[in-house]
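*Asks:* Listed below are the residues making up each chain.
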Amino acid sequence: NAGVTQTPKFQVLKTGQSMTLQCAQDMNHNSMYWYRQDPGMGLRLIYYSASEGTTDKGEVPNGYNVSRLNKREFSLRLESAAPSQTSVYFCASRQQMNTEAFFGQGTRLTVV
Amino acid sequence: TQLLEQSPQFLSIQEGENLTVYCNSSSVFSSLQWYRQEPGEGPVLLVTVVTGGEVKKLKRLTFQFGDARKDSSLHITAAQPGDTGLYLCAGANTDKLIFGTGTRLQVFP
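Those protein sequences? They're chains G and C, same order as listed.
When we follow this note's numbering, the leftmost residue of the first sequence carries the number 1, and every step to the right adds one.
When we follow this note's numbering, the leftmost residue of the second sequence carries the number 1, and every step to the right adds one.
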């Protein structure tokens, strides 16, 4: 069982560069999420998608865009990376409200 | 904006001690979950509580959802080194899932 797969696992960007973080789940879940986690902190919600074709802002959406490409895939794009976006990014999915959220292994992003 | 505050932020205890972690908000949630995260991994679900006043037990862990569904607590009895990790509460209304600020627990042998 692959579960939630994120790519890449590590990335170093220069300030101003753009990149897309990919996330795919094979559990046929409806909802997908993108979080960032700074050292020693909890997770902050960037964007989420309750179902295919819908996306909504979370707590910290500025500087990010998302695409729910289909039911399986939910990508996160940084158009112009900034050092403040250095963080570990987690993608998660779950079937519906009140059910377990399953997480990917995370992408460690450093912006220099 | 929903905000889930956890306390304490850090907890360092000896094996065998008891501890309680608190998760508080000014918002009402339809459900509250607790996750544990190991270094380099994503969080893993421990429990989901959905009814105000609900108490759930998972071996040495006891979870409670406040009557008003704005707060929750996690109590660990006789902590063990294997309990070491980052504990996160998460509240949900509709499909939005918000995580707390986290409590890092270290249990020494």
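Misleading hints may appear alongside valid ones.
Covered by chain C, according to a simulated footprint, are these stretches of chain G (three or more residues, beta-carbon under 8 angstroms) [to be verified]: (1) 52-63; (2) 73-87; (3) 91-101.
Treat the hints as calculated values from the structure; they're not laboratory data.
This structure is a prediction, so every number in the text was calculated from the model and none was measured.
We put the beta carbon where it would ideally sit given N, CA and C, even for glycine.
*Asks:* With a C-beta cutoff of 8 angstroms, work out whether three or more residues of the region 52-63 of chain G approach chain C closely enough for the coverage to hold.
*Replies:* holds (count 3)
*Asks:* Is the coverage entry for the region 91-101 of chain G by chain C consistent with the three-residue Cβ rule at 8 angstroms?
*Replies:* The restraint on the region 91-101 of chain G holds, since 8 of its residues have a Cβ under 8 angstroms from chain C and three suffice.
*Asks:* Are there three or more residues in the region 73-87 of chain G whose C-beta lies closer than 8 angstroms to some C-beta of chain C?
*Replies:* violated (count 0)
Violated hints amount to a single one, hint 2; each of the other numbered hints is respected by the structure.
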